[in-house]
Amino acid sequence: MRLKRKLAISENGFIFDPTTGESFSTNSEGIEIIQMLNQNKDEVEIKNFFMENYEVDESTFEHSYYDFVTMLRYFNLTEDEQN
Amino acid sequence: MSKTKITVAVSGLNATDNPGPGVPVIRALRESKDFDCKIIGLAYENLEPGIYMPQLADKIYQVPYPSMGSDTLIQRIEYIHEQEQIDVIIPNFDAELYAFITSEKRLKEKGISVFLPSLPQFEDRHKANLFEYGQKHGILVPRSKNITSPSEIVSLKKEFSYPFLVKGKYYDAYVAFNAEQAVMYYNKIASKWGVPIIIQEFVRGTEVNVIALGDGKGNTIGAVPMRKLYITDKGKAWSGISIDDEELLKITHDLLKSSQWRGGMELELIKTADNKYYLVEINPRIPAWVYLAVGVGQNLPEALVKLAMNMPVEPFKTYDVGKMFVRYSWDMIVPIHQFQTLSALGEL
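So the protein sequences, as listed, match chains A and B.
Numbering-wise, the first sequence is residues 1 to 83 according to our numbering.
Numbering-wise, the second sequence is residues 1001 to 1348 according to our numbering.
Just so you know, these hints were derived from the structure itself, not from any lab.
Just so you know, not all the hints are guaranteed correct.
[To be verified] With a straight-line cut-off of 25 Å between C-alpha atoms, the simulated DSS-like cross-links for lysine-lysine are: (1) B:Lys-1317 / B:Lys-1217; (2) B:Lys-1317 / A:Lys-6; (3) A:Lys-6 / B:Lys-1250; (4) A:Lys-4 / B:Lys-1217; (5) B:Lys-1323 / A:Lys-6; (6) A:Lys-6 / B:Lys-1271; (7) A:Lys-4 / B:Lys-1250.
Taking the hints into account, I'd like the entire structure generated from these sequences.
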C-alpha cells in the first residue's frame, strides 16, 4: 500500500492532504506506521518493528494495524484508492 | 519605480455574513506594487461596513439600486466621475453587473474602464442555462429542469429521484427529500426571486471552488482552487484553504479558453467520491474570498485593473498551497456624523 505522494506529514502527528484541503491528526504510533509506509516497508516489516519495540502481541498489533490502514483508505490518503 | 496613480471605484462594501467582495478587492488594490490607488467606495446601503472601515476607501458615494433602472445607476456613476475622474470601476454586486456590462461603451466614452464578461458570456452561464452551458464547454453539470408552476413537481418523479435541489434563478438552494418539501421550497423561493425555479439532480460530494481571471482571449491570467472549511448558515465560506488540485485547474483553464471568458469569475463544483467534477454554478465576478488568492501570491484585482487599462499582464503560474483564510467579525465604533453625512448628502 502506498500513501499519496503529496501528503504533508508533520512530526507532531498532523497530516495535510493538499489535493483536498483535508487535515487529520494521529498519535506517535500512527506517525511511525506512516513513515514506514513511506519507506515502502511491508506489513511484516512494520509488524516486526512494533513487536520488537513495543509490548504488543501479534494479534493485537494486526487488529490495530488493519484498523489504521482501513482508516487511511477510507480517508483517501492512499494511492491505490485513487482513480 | 514609482507607482502609477489611478482612481478605482469599487462596490460590494457589505462585509457582512453574506459578504460582498468590495472590502477584499480594495485591500488587494492597496497592496498593489504598481498602483497608488485612490479608492472610491460605491455603497447601496448606508450601513455597509466597508464605508466605515478606516483607511479603506478615500471617498464614499451612495448609488441607487440597479432595480431603479440601469440608466439611473449609470447617471449617478457619471456624476461621481465628474467629481473624481474614475479610471476603472470594479462592480462586485451581482444585480449591478447587467447595468455595467450593457453600459461599457458609454462609460468608456467618458474615460471609465471596466473589465467584464460580454453580455452573451454573462447570459449563457445563468443557472437556468447551466446544463446546456456544460454540454457546450465539455463540463459535467447535474441534470436540471426549469419549472414555472408547483403543479409540475408531482410529475418530476419520472425524471428525477429524491433528493433533488430546488434552486432560485439568482439565489437560494434547498435539498428536497419529497414532493411536499419541494412544493414548500418552490413557493419560498418563487415568492422571493420569481420563476423559473430550477430543479437539479443532487450530486453527493465535496464542494470545491475556483477563483479565476480570464483575459477575454482564452488565456487564464490567474486561478486558485479553494475548499471551504467553515460554511455559514447562508452557505458562505467563513474559512477556506487553498488546495493543489490539478484536475480542477485544468477544468478552469479549459473553460476560460473555450468560453474566452473576460473578467473575474468563481466556479463552484462538486467533487464526487470517484473524482468526477460537476459544475453547479458560475459567478461572473470576483468572489468575496478573493483575498485568499492575494495571500497565496495572485493579486487578481490588481491584474484585473491592468487588463481594464490595456496594460500588459503576465499570467500567474503558481500559488501557495495549504494557506487558509479565516474571517472574523469586529465591532467598529462610528461617530454618528459619518452616518448622518452619508445619509443626508449621499457621500462621505
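How the hints compare with the structure:
For the suggested pair Lys-1317 (chain B) and Lys-1217 (chain B), the alpha carbons sit about 17 Å apart, so the restraint of at most 25 Å is met. Simply put, Lys-1317 (chain B) and Lys-6 (chain A) have alpha-carbon atoms about 19 Å apart, close enough for the 25 Å limit, and the pair holds. With a C-alpha separation of about 18 Å, the suggested pair Lys-6 (chain A) and Lys-1250 (chain B) falls inside the 25 Å cut-off, and the hint holds. Using a Cα cut-off of 25 Å, the hinted pair Lys-4 (chain A) and Lys-1217 (chain B) is violated, with the two alpha carbons roughly 36 Å apart.
Using a Cα cut-off of 25 Å, the hinted pair Lys-1323 (chain B) and Lys-6 (chain A) holds, with the two alpha carbons roughly 15 Å apart. Distance hint between Lys-6 (chain A) and Lys-1271 (chain B) is fulfilled; the C-alpha atoms sit about 19 Å from each other, no more than 25 Å. Distance check on the hinted pair: Lys-4 (chain A) and Lys-1250 (chain B) sit about 20 Å apart at the alpha-carbon level, within 25 Å; holds.
Checked against the numbered hints listed earlier, the structure breaks hint 4 alone; every other hint is satisfied.
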